[in-house]
Amino acid sequence: MTEAFAPSSRPPGRLRWFGRVLMAFARRELTLFSRYRVGAVFRMLSFGFAVVSLYFFARFIGAAPNQHLDAYGGDYLAFGIVGLLAVELQQVGVSSLSYRIRMAQMLGSFEAELATPAPAWMVIGAAPVYEFGSAALRSAGYLVAGSWILGISFARAQPLSVALVVPVVLLAFISLGLLTAATTMLSRRSNPVAAVLGAASFFLSGVLYPVSVLPGWLQGVSRLLPLTHALEALRRALLTGASPAAMAPSLVALAAFAVVLTPVGLALFAHALRRARIDGSLVHH
Amino acid sequence: MIRALALEKKFRPPGGLRELLRGRLWRDPVPALTGVTFSVAAGEIVCVMGPTGAGKTTLLRILAGLLLPSAGRAEVAGLDVAEGGASLRQDVSLVVGDERSFHGQLTGRENLRYFGALFGLSAAEARSRADMLLERVDLAEFGTRRFAEYSRGMKQRLAIARGLLGRARVLLLDEPTLGLDPRAARELRSFLRHEVVKAAGRTALVGSNDPAEVRALGDRVLYLDRGVLRGESAPDGVEAHWA
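If you're matching them up, the sequences are chains A and B in order. Heads up: the first sequence is residues 1 to 285, going by the working numbering. Heads up: the second sequence is residues 286 to 528, going by the working numbering.
Treat the hints with care, as some may be off.
[As the list claims (entries may be wrong)] Not everything, but these chain B residues come out facing chain A in the computed CB check (under 8 angstroms): (1) G301; (2) L302; (3) R374.
[Stated by the list, open to error] Some chain A residues well away from chain B (every beta-carbon gap over 12 angstroms; in silico): (4) F25; (5) Y36; (6) S46; (7) A50; (8) L69; (9) P117; (10) G151; (11) L160; (12) V193; (13) V211; (14) T240.
Since the hints were made in silico from the structure, they are not lab data. Note that the structure is predicted; figures quoted are calculated from it, not measured. For every residue, glycine included, the Cβ atom is placed at its ideal position computed from N, Cα and C.
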């Protein structure tokens, strides 16, 4: 037997294996990032423009006291920036998995990846983990830059509350991502849910204004969206130093979203994967 | 090593406006394979020959665990392909002709290293195995060139290298020399038969509609036409059957 072509050894344990897949995925994405620098620069520029316009808007709004902002520390700029960052995190959660699947289907790499010994959850799971990791780093960078350049104060942030809120928020967004990824696979179209959810959340969840300015019945509707609770919890933890106990209603709501939506998303996703093995749509354009 | 028993596959294409107006979500089922029964012994190279649309690719994808059969049963290395699972995919490698499943902006080496992780290799193992395989498929000097800049033959060779990253005992090759010039095709066939399959003790099932490929690669030939197996022959009998 020619040694070079002899079958190689067995793969490692699942956790170590996923670590290797994740590292390889990150290496691949960073390599591609370095080859698509212009796109990355434009993405950062667009966020920069949003923050700058928010800065001037905040100067305008900040000229008069605003009782709706009292519960969030009174600084509109800080309020708005946390809103934009949370929207970006939700967008990553809702879109990254379905985008990865759709692109891989169109490029033809999805089937090749699923044909390797790696379980499907490893092949698919590396994208959201990597995307969330990089989005969290980006967000932290934006907050630090906002603090240094625009003078936003996070002096009242409660580290324990932040450490508790962030994973629960991410879990809730990931559960939404599972649902949208399953619908992408079943519909064989670009994510139809993400656009609707993004627009509805931006309008109803209080990204640029507190939910308290909405009519009562719309406030009720806004509570059905995870982003509403994520924004409430993140702002109170970052801007007012609220304790975990004080944020319990938001945390419980987010945990409920994760607990209910995750199994539904997983089941729907498993069904979508099986459906793709029946109708041959692992590769589709 | 490979066994198929009364294997059937029907596709249900999604309905268009006409079907929806009739209250149906799907069009009529399209049969791709009907009652396909055959076996391949360990160490054997069997070619499945048939025209475009005969069902060769469908058969290979079912055996790779990527498609579920509608009826019947198939086993590869003693594992039920309908169950799929990591064990099956460790034993089976599917290499597809007209390869486009690599990332065009990554080099050949970077692509292999990425897939190496999916095969469970550490970064160091993936690097050394990628280098070794690039050497063996004659791509060592092109390892740092982007996949998008590869010629068709180079893409095929890279796909074969990827198929060998793991410990596959069974290779499923779908038109492995599709689109190659005669000399490159001849060299690749010789390399596949002698070094990749026979010398390493592997088993292979090859889908092809090229008599020259079948003669050069196969120990035995099965003839598939519109999803039905129509017989078999030795490789040198291919002209008579194919005509």
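To see whether the hints hold, each was checked on the structure:
1. With a cut of 8 angstroms, the hint placing G301 of chain B at the interface with chain A is violated, because the nearest CB-to-CB distance is about 14 angstroms.
2. Taking 8 angstroms as the C-beta contact cut-off toward chain A, the hint placing L302 of chain B at the interface is violated, the least distance being around 16 angstroms.
3. At its closest, the beta carbon of R374 of chain B sits 4 angstroms from a beta carbon of chain A; the interface hint therefore holds under the 8 angstroms criterion.
4. In this structure F25 of chain A is not separated from chain B by more than 12 angstroms, as the shortest Cβ-Cβ distance comes to only about 7 angstroms.
5. The non-interface label for Y36 of chain A is inconsistent with chain B: the shortest C-beta to C-beta separation is roughly 8 angstroms, within 12 angstroms.
6. With a least CB separation of 22 angstroms from chain B, S46 of chain A remains clear of the 12 angstroms interface cut-off, as annotated.
7. Even its closest Cβ contact with chain B, about 28 angstroms, leaves A50 of chain A beyond 12 angstroms, as expected for a residue assigned away from the interface.
8. For L69 of chain A, the shortest C-beta to C-beta distance to chain B comes to about 46 angstroms, beyond the 12 angstroms cut-off, and the non-interface label holds.
9. Listed as outside the interface, P117 of chain A is inconsistent with that label: its C-beta sits roughly 4 angstroms from the nearest C-beta of chain B, within the 12 angstroms cut-off.
10. Under the 12 angstroms C-beta cut-off, the non-interface status given to G151 of chain A relative to chain B holds; the minimum distance is some 40 angstroms.
11. With 12 angstroms as the threshold on Cβ separation, the claim that L160 of chain A sits away from chain B holds: the shortest Cβ distance comes to roughly 36 angstroms.
12. Every Cβ of chain B is farther than 12 angstroms from the Cβ of V193 of chain A; the closest lies at roughly 19 angstroms, confirming the non-interface assignment.
13. At roughly 40 angstroms from the closest C-beta of chain B, the C-beta of V211 of chain A stays outside 12 angstroms, upholding its exclusion from the interface.
14. Chain B leaves T240 of chain A outside its interface by the beta-carbon criterion, the shortest separation being 43 angstroms against a cut-off of 12 angstroms.
This entry does not satisfy hints 1, 2, 4, 5 and 9, going by the numbered hints stated previously.
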